[in-house]
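Visitor: Please construct the entire structure, taking both the sequences and the accompanying hints into account.
Number of protein chains: 2
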Amino acid sequence: MSLAEQVLEGNIRAAARLMRDIDDGRPQAIEELKQLYPRTGKAYIIGITGPPGAGKSTLVDQLTASFRKQEKKVGVVAIDPTSPFTGGAILGDRIRMNRHSCDEGVFIRSLATRGSLGGLSRSTSDVALVMDALGMDIIIIETVGVGQDEVDIVKEAHTTCVVMVPGLGDDIQAIKAGILEIGDIFVVNKADREGADRTARELSTMLDMRHPAEDRWNPKVMKTEAQRGTGIDELTSEILAHRDFFLSSGTIHDFMRQRKQRHFLSILRDTMLEKAMQYMAKSNYLEGIVTGMSAHEIDPYSAVEEIVATMMPGCID
Amino acid sequence: MSLAEQVLEGNIRAAARLMRDIDDGRPQAIEELKQLYPRTGKAYIIGITGPPGAGKSTLVDQLTASFRKQEKKVGVVAIDPTSPFTGGAILGDRIRMNRHSCDEGVFIRSLATRGSLGGLSRSTSDVALVMDALGMDIIIIETVGVGQDEVDIVKEAHTTCVVMVPGLGDDIQAIKAGILEIGDIFVVNKADREGADRTARELSTMLDMRHPAEDRWNPKVMKTEAQRGTGIDELTSEILAHRDFFLSSGTIHDFMRQRKQRHFLSILRDTMLEKAMQYMAKSNYLEGIVTGMSAHEIDPYSAVEEIVATMMPGCID
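Chains A and B, in that order, give the protein sequences.
Heads up: the first sequence begins at 39 in our numbering, then just goes up one per residue.
Heads up: the second sequence begins at 39 in our numbering, then just goes up one per residue.
Check each hint, because a few of them may be wrong.
Copies of the same chain are indistinguishable here, so a pair counts whether it falls within one copy or spans any two.
Claimed, not checked - No farther apart than 20 Å at their CA atoms in a straight line, the calculated lysine to any residue pairs in the SDA-like style are these:
1) Lys298 x Leu324
2) Lys193 x Val144
3) Lys80 x Glu142
4) Lys320 x Ala347
Simulated from the structure, these hints should not be mistaken for laboratory data.
Guide: The structure is reproduced here in structure tokens:
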């Protein structure tokens, strides 16, 4: 039986093996993903994002417990900041969410951020696909940070919760403005801290300026203390309310098409670069370019035009 | 006279125009960059990175003033988190560093983070190239966040300062571990806050575990209060000390080659995707793929293999 077939039967160890194969870039993993693809699309994806120190991991842990109480199977994809040199995840799967480690209805996977040319959002899509095929009802994607890739990853989610925390500095104001557009629900975590009410009020004011309307979703600001479990049930209900709105609204169709297009394009981009690297390796082309650039005899813009014309002959006007 | 020639003569307005053309993706901008390329490589690049709320902007402002006292021309590239929808920079150039706005020796440029398929690190390289050609002695690249792109951007810098701040949460511990490898200098800013000494001590301990050696650079932990200007001169001296070490060490050669290779590959990746988009647009190929994926009749992995085989016929085994 293929790995894909085992995953579709709910075999957790097969899913873990397949994810490892995807990480290692084994060609066979692509064949398995091809088999899985037609059988996916059932899981509901929740994105949890916000600045470092906001307590996102604890919140994800509590949300997982809350969905488990409702008999939902929960997959968690945690994107960790990592050493650009070792490439290893800092917060390993083992030390995360210990209390769910014996629960077969919870599947946790940490993804390391990669070097320049590996697509993090693509890895996330692939891992979510495997969890979906495995039968997870809910997939929670947690990203630390506010960078470009993190925003891209959040676009994969049906419902995005932006987690803020009272008392961070000025940059947060800027992030708030940037993050207003991507949040379906705003969470002020560590709500027992000084300034929590003010942070919640500021967020509400900024959201109000966007002119709430009846025919679209109007995000709420919720307060939680994830550490103590306060406000989690309310947050879970609000997530489900957003899901109901989303599934019944006309936007789901466009959302799904855009998501599929991004997935296709990210695989396309990775694959083209991979093929180009193989092609250039044959003739030590890349070495020569870099040497020429170092001597200021070659500029990279002209070099790219030349090699692209050679590799993609049918695509040049 | 071409824009490139005007930039090389130090024309600030021409540089601003060229950067706008780069942003807008005008083909002519590439021709100008080709002309500039051979005349660059003189600027020294300093990266300033760290979590939101660490006071990086204020620190950059102070460093700029400090280098100006030494008669150095300073370019600043600030990467702002932005709305994924509007694409506009939140902290505009205008509201940043007002006190330098009349100084011809300072050139400030905010870069917006872009959507999924625009390369932020490539834009940064291109903008830094223009500043270099314009005659800036020092280029400071400031990134908010700790994401993957931010790490990539930091790799462009000769000297990287990682800015921490006392009293952020648990996630910071993880980020610290990940960020240890990329910092040449560590700065505990807001050093008047409670916990500053402890944060500095923790960082020093983690750095000590890496076994300092005489033949390589051993990062120090500095304390600053950027708001009041405390510790800035010391930081500037330490940056220059790292520069002297770096330029005289054997690693500069490899560093420059790697940087050039990344620059070439990021242009290559963007260009290939652009050509592929144009190619697919002719036949509404992308639309068809997305429709097929939505109907679960096509998987994206097979679709990519097929289109890549068509577009890059010489690169397939």
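Visitor: Within, between, both or neither: how does the pair Lys320, Ala347 come out at a Cα-Cα threshold of 20 Å?
Guide: both (17 Å within a copy, 18 Å between copies)
Visitor: Within a copy, between copies, both or neither: which one fits Lys80 and Glu142 at a CA-CA cutoff of 20 Å?
Guide: Answer is within; shortest intra-copy Cα gap is 19 Å, inter-copy 58 Å.
Visitor: Using 20 Å as the alpha carbon limit, work out where Lys193 and Val144 are close: within a copy, between copies, both or neither.
Guide: Neither. Shortest intra-copy (23 Å) and inter-copy (37 Å) distances fail the 20 Å Cα cut-off.
Visitor: Under a CA distance limit of 20 Å, which applies to Lys298 and Leu324: within one copy, between copies, both, or neither?
Guide: between (33 Å within a copy, 10 Å between copies)
Of the hints listed earlier, the one the structure fails to meet is number 2.
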